[in-house]
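With the hints as extra help, turn the sequences into a complete structure.
Taken in order, these protein sequences are the chains called A and B.
Heads up: the first sequence begins at 1 in the numbering used here, then just goes up one per residue.
Heads up: the second sequence begins at 1001 in the numbering used here, then just goes up one per residue.
Hints were generated in silico from the structure; no laboratory data involved.
Glycine included, each C-beta is placed from N, C-alpha and C at the ideal position.
There could be a bad hint or two in this list.
[Unchecked claim] DSBU-like mimics (lysine-lysine), calculated; alpha carbons at most 30 Å apart, straight line:
{"hint": "1", "chain 1": "A", "residue 1": "Lys12", "chain 2": "B", "residue 2": "Lys1254"}
{"hint": "2", "chain 1": "A", "residue 1": "Lys12", "chain 2": "B", "residue 2": "Lys1193"}
{"hint": "3", "chain 1": "B", "residue 1": "Lys1166", "chain 2": "A", "residue 2": "Lys57"}
{"hint": "4", "chain 1": "A", "residue 1": "Lys38", "chain 2": "B", "residue 2": "Lys1166"}
{"hint": "5", "chain 1": "B", "residue 1": "Lys1166", "chain 2": "A", "residue 2": "Lys64"}
{"hint": "6", "chain 1": "A", "residue 1": "Lys167", "chain 2": "B", "residue 2": "Lys1008"}
{"hint": "7", "chain 1": "A", "residue 1": "Lys73", "chain 2": "A", "residue 2": "Lys225"}
{"hint": "8", "chain 1": "B", "residue 1": "Lys1044", "chain 2": "A", "residue 2": "Lys167"}
{"hint": "9", "chain 1": "A", "residue 1": "Lys12", "chain 2": "B", "residue 2": "Lys1090"}
{"hint": "10", "chain 1": "B", "residue 1": "Lys1009", "chain 2": "A", "residue 2": "Lys220"}
{"hint": "11", "chain 1": "B", "residue 1": "Lys1090", "chain 2": "A", "residue 2": "Lys73"}
{"hint": "12", "chain 1": "A", "residue 1": "Lys57", "chain 2": "B", "residue 2": "Lys1090"}
{"hint": "13", "chain 1": "A", "residue 1": "Lys437", "chain 2": "A", "residue 2": "Lys185"}
{"hint": "14", "chain 1": "B", "residue 1": "Lys1166", "chain 2": "B", "residue 2": "Lys1009"}
{"hint": "15", "chain 1": "B", "residue 1": "Lys1327", "chain 2": "B", "residue 2": "Lys1488"}
{"hint": "16", "chain 1": "B", "residue 1": "Lys1044", "chain 2": "A", "residue 2": "Lys64"}
{"hint": "17", "chain 1": "B", "residue 1": "Lys1008", "chain 2": "A", "residue 2": "Lys73"}
{"hint": "18", "chain 1": "A", "residue 1": "Lys38", "chain 2": "B", "residue 2": "Lys1158"}
[As the list claims (entries may be wrong)] Partial list, computed: chain A residues near chain B (C-beta under 10 Å):
{"hint": "19", "residue": "Met18"}
{"hint": "20", "residue": "Tyr392"}
{"hint": "21", "residue": "Ala423"}
One-letter residues, chain by chain:
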Amino acid sequence: MAINDLFTQEIKVVNTGMTAFRDDLAHCGVPVVQVDWKPPVGVSPESLDIIDDNAAKINEANAKALEIILKGKPVLVGMGIALDTIPGMKKNLILHSGPPITWERMSGPTRGAVIGALIYEGMAKTPEEAEALASSGKIEYAPCHEHDAVGPMAGIVSASMPVFVVKNETFGNQAYCTLNEGLGKVLRYGAYGDDVVERLKWLETVMYPVLKKAIESIDKGLDLKNMIAQALHMGDEVHNRNRAGTSLLYRAIAPAVIRTCDDRDAAAKVLEFINGNDHFFLNLSMPAGKCTLDAARGIEGSSLLVVMARNGTDFGIQLSGTDRQWFTGPALVPDALYFPGFTKDDANPDIGDSAITETFGLGGFAIAAAPAIVQFVGGTARDAINYTMTMYEIAFGENNVYQIPALNFRGTPTGIDVRSVIAKAITPFIDTGVAHKKPGVGQVGAGVVQAPIEPFIKAFEGLAAQLSR
Amino acid sequence: MVLKGFVKKGEYFDSVSLMIVSKEVNTLPGIADSAIVMGTAQNKEIVRGANLYIPELFDQADDTDLLLALKAESDTVVEETLVKIDAMFKALRNKKDEGGTNFSPKSLEGAVEALPGANISLISVAGRYAGREAMRALRQGLHVMMFSDNVSIEDELKLKRFAHDKGLLVMGPDCGTAVINGVPLAFANVLSKGDCGIVAASGTGLQEVMTIISNEGAGISQAIGTGGRDVKEAIGGIMFIDAMRALAADPATKVIVLVSKPPHESVLRKIADEIKTIKKPVVGIFIGGDPKILEAAGAIAGSTLEETAVIAAALSKGASVDECRKKIADRRAGILEQAKALAPRCRGKYLRGLFSGGTLCDETQLICKDMIGFINSNAPLNPEYRLKDSWKSVGHTIIDLGEDEFTVGRPHPMIDFSLRNKKITDEAADKEVAILLLDLVLGYGSHMDPLAEFVPAFSEAKKIAPELLIICSITGTDGDPQNRSRIKAGLEQAGAIMMPSNAAASELAGNIIRILEGK
Chain A
1 MAINDLFTQE IKVVNTGMTA FRDDLAHCGV PVVQVDWKPP VGVSPESLDI
51 IDDNAAKINE ANAKALEIIL KGKPVLVGMG IALDTIPGMK KNLILHSGPP
101 ITWERMSGPT RGAVIGALIY EGMAKTPEEA EALASSGKIE YAPCHEHDAV
151 GPMAGIVSAS MPVFVVKNET FGNQAYCTLN EGLGKVLRYG AYGDDVVERL
201 KWLETVMYPV LKKAIESIDK GLDLKNMIAQ ALHMGDEVHN RNRAGTSLLY
251 RAIAPAVIRT CDDRDAAAKV LEFINGNDHF FLNLSMPAGK CTLDAARGIE
301 GSSLLVVMAR NGTDFGIQLS GTDRQWFTGP ALVPDALYFP GFTKDDANPD
351 IGDSAITETF GLGGFAIAAA PAIVQFVGGT ARDAINYTMT MYEIAFGENN
401 VYQIPALNFR GTPTGIDVRS VIAKAITPFI DTGVAHKKPG VGQVGAGVVQ
451 APIEPFIKAF EGLAAQLSR
Chain B
1001 MVLKGFVKKG EYFDSVSLMI VSKEVNTLPG IADSAIVMGT AQNKEIVRGA
1051 NLYIPELFDQ ADDTDLLLAL KAESDTVVEE TLVKIDAMFK ALRNKKDEGG
1101 TNFSPKSLEG AVEALPGANI SLISVAGRYA GREAMRALRQ GLHVMMFSDN
1151 VSIEDELKLK RFAHDKGLLV MGPDCGTAVI NGVPLAFANV LSKGDCGIVA
1201 ASGTGLQEVM TIISNEGAGI SQAIGTGGRD VKEAIGGIMF IDAMRALAAD
1251 PATKVIVLVS KPPHESVLRK IADEIKTIKK PVVGIFIGGD PKILEAAGAI
1301 AGSTLEETAV IAAALSKGAS VDECRKKIAD RRAGILEQAK ALAPRCRGKY
1351 LRGLFSGGTL CDETQLICKD MIGFINSNAP LNPEYRLKDS WKSVGHTIID
1401 LGEDEFTVGR PHPMIDFSLR NKKITDEAAD KEVAILLLDL VLGYGSHMDP
1451 LAEFVPAFSE AKKIAPELLI ICSITGTDGD PQNRSRIKAG LEQAGAIMMP
1501 SNAAASELAG NIIRILEGK
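Following this line, the structure appears as structure tokens:
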């Protein structure tokens, strides 16, 4: 490159700042693009310098991480009971969504779900008993993410719950997730009434054996990567819309259920349950993302996110480069459409591990693929496209399999780069359900939430600190 | 017939796009057959079936890799075709960005994606952010123009060293004007294309020189601003020298013009050494500096911005410098006659200059100094002549309205005339004022309708003081959106004495005062 090269080129200008200059250039017929510029968010100049100075190393680490993410191949291979299946699971251990949290700091829905789980496990008879036990110190709590698992909303997993086993065929690691209970008054939204516990029991005693047999009868398991790719072409973003994914799963699994289940009534009920729950596939898209991203952990210097998760109180993230270290900040209350009778005042702050789908480049990042749910983001398909376009700004790469038809089949924005989040002051955009802030009530709405900046600032500083060592 | 294959790791295109490329490739001369597919097992089978499979290359490839096989007449054809395929892929990738959206990028990187081939980043965000934005642009391989000021000198040095190593330009910080390949950037004029290349560490100085060259019937190849600090010791003239070298190597540049306030001694030496290596004629002005250093290095020194421009234009047109200097001397004599004619008609005794261009304000003070001595100013040549209160004129006073005390919370006087217009009528009301001296800078960035501002102000001033002389020069061209000739005619009609340059206007004003003072 030399200055003289410029003299022979057509001048094309990127204008950052005064739009009058853009207008003048456009008036002269000069190709010009205006940067919709915002000042960067407040990280220390020292850490900015460290990150800038290590740009080449970070880019290399990120390229490696991205390659692992793109190569990941999540396959549903089986099911198991949490106690026997999830590494480190114990009878008195309850897993929850998001970063670590104590009973004292738990939000209403998380507490409600813990209460429900203790009743379901037979460890308490009444909500009062359960609450006493929960706060007694006899029950241990840990994030799903620290046990290779993910859970939507409260994300509560207790010892007897059946879980899907999703394997990353390329790298051999696995991820686990409970069965989706449906919408409304359900455990993951903090409800713990008799009907909730009864449904959990039914899932364990009827659904689980039938599904397990069916899944295990399918040679090589169910290719979730392929299913997600198709679902995106069919109007899902596999977080707030899972209708296509659920249908695809149903199509794949129905013959296996019929073939492997002797009890026709049970088979019909299981298939009816899947058919009646548009979000059934969410509990597969989540572990698919989890096992794909987990393979990209621990790459020194990588600034890509491998976890975004909320526990209803805190929002936490993890980077590939800093592996297991959590960076947290208060979770925000989502912008949502509320069910009749509820308002934002009823809403609990953002909750759930389902932001793993966004971390994976789906959900809010792929909202342009899901025109049916654009009412959550402003009402027009253009709004949805703009959200996705903005997410490309903070993604290190694009997916080679997951595509967005409305963007000429461009790959989904993949590999959230904390550097871009900081430099551009754009935080990830997450599709989400909204839980009532009180235990026992359940879901009150659905919508979108912008991730808070604080965890990203901490992660940026954390990565810089690690690089300067 | 040769069969050649390639694997592009991690390159992904959808199958339809690849089929379109394949189809086009098969029609290219010398190509017998081709396959361009993603490396899935299924696609590998298809390639094998077409007898295009190359096991040693393709066996290792997987779903995420792009496979390319060409059966062609010769290796040369393969190579030529590969170049064409790369171009097709590039076009495809660009097409991906046309989502039919109203999306505007949030970052330089996003903008570069949206505008492939972007080569200049024009930055006018607040100074404390500008440095980082500039560095990001440089990292992306873009040249940078920083309109922003208040960038630390350490950042400026870092940016310019980095740019120098990468062969990129950093114009600024605080660079108001540049014209690259005829494109006016920020506050800049529409110029005739020609073979005069300018390097300038002064914004309005550059505008004055380049517009006069253009108005003289010559033209501009490039006008590169460096920002005023480039020629200070701390920066060491990094970009000034780089720009000189670029113009020296530029076949479209015949005459090189240098414009700056006096550089630091160490930088001046570097510039002089550089001039000695240049085979093209070099014309320069270090406003207020000693012309001997330029002359000793083999350059031609201009005494004013106008003279510098006129000499450059003459050299460009093949005229002799001596002839040119004689013409300027004749013009000076003419101005003196004009002054003699005007002086007796004056009331009062003071000169009041109201300037929007900083370098023009300096030049006027320099020209007047030789005729009537130092002049009071908010930006004086001699610190002893600093106005106690920038808002109150004392004796002969020349004010730079672009200085900070006037621009905080207010647009630059080139855009917002309200303050200058108020001062015009204030000065007219002062019975001791004989002459109002004004500059008017046209071009992009400046006020689009200066007549609407100045004509009422001039009329008002003339109503208050019919004998008041309003002397004005225009920095601009007929190509500028305001049109110089039209503005000149309008202001003349409003009673102003229009001079062809700031130097000429200053000489006329200085001469009149000298006559009034009996010197």
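Each hint tested on the structure:
{"no.": "1", "hint": "Lys12/A x Lys1254/B", "in the structure": "25 Å, holds"}
{"no.": "2", "hint": "Lys12/A x Lys1193/B", "in the structure": "18 Å, holds"}
{"no.": "3", "hint": "Lys1166/B x Lys57/A", "in the structure": "19 Å, holds"}
{"no.": "4", "hint": "Lys38/A x Lys1166/B", "in the structure": "27 Å, holds"}
{"no.": "5", "hint": "Lys1166/B x Lys64/A", "in the structure": "27 Å, holds"}
{"no.": "6", "hint": "Lys167/A x Lys1008/B", "in the structure": "28 Å, holds"}
{"no.": "7", "hint": "Lys73/A x Lys225/A", "in the structure": "6 Å, holds"}
{"no.": "8", "hint": "Lys1044/B x Lys167/A", "in the structure": "26 Å, holds"}
{"no.": "9", "hint": "Lys12/A x Lys1090/B", "in the structure": "17 Å, holds"}
{"no.": "10", "hint": "Lys1009/B x Lys220/A", "in the structure": "27 Å, holds"}
{"no.": "11", "hint": "Lys1090/B x Lys73/A", "in the structure": "29 Å, holds"}
{"no.": "12", "hint": "Lys57/A x Lys1090/B", "in the structure": "27 Å, holds"}
{"no.": "13", "hint": "Lys437/A x Lys185/A", "in the structure": "13 Å, holds"}
{"no.": "14", "hint": "Lys1166/B x Lys1009/B", "in the structure": "28 Å, holds"}
{"no.": "15", "hint": "Lys1327/B x Lys1488/B", "in the structure": "23 Å, holds"}
{"no.": "16", "hint": "Lys1044/B x Lys64/A", "in the structure": "26 Å, holds"}
{"no.": "17", "hint": "Lys1008/B x Lys73/A", "in the structure": "21 Å, holds"}
{"no.": "18", "hint": "Lys38/A x Lys1158/B", "in the structure": "23 Å, holds"}
{"no.": "19", "hint": "Met18", "in the structure": "4 Å, holds"}
{"no.": "20", "hint": "Tyr392", "in the structure": "7 Å, holds"}
{"no.": "21", "hint": "Ala423", "in the structure": "7 Å, holds"}
Hint compliance for this structure: no hint is broken.
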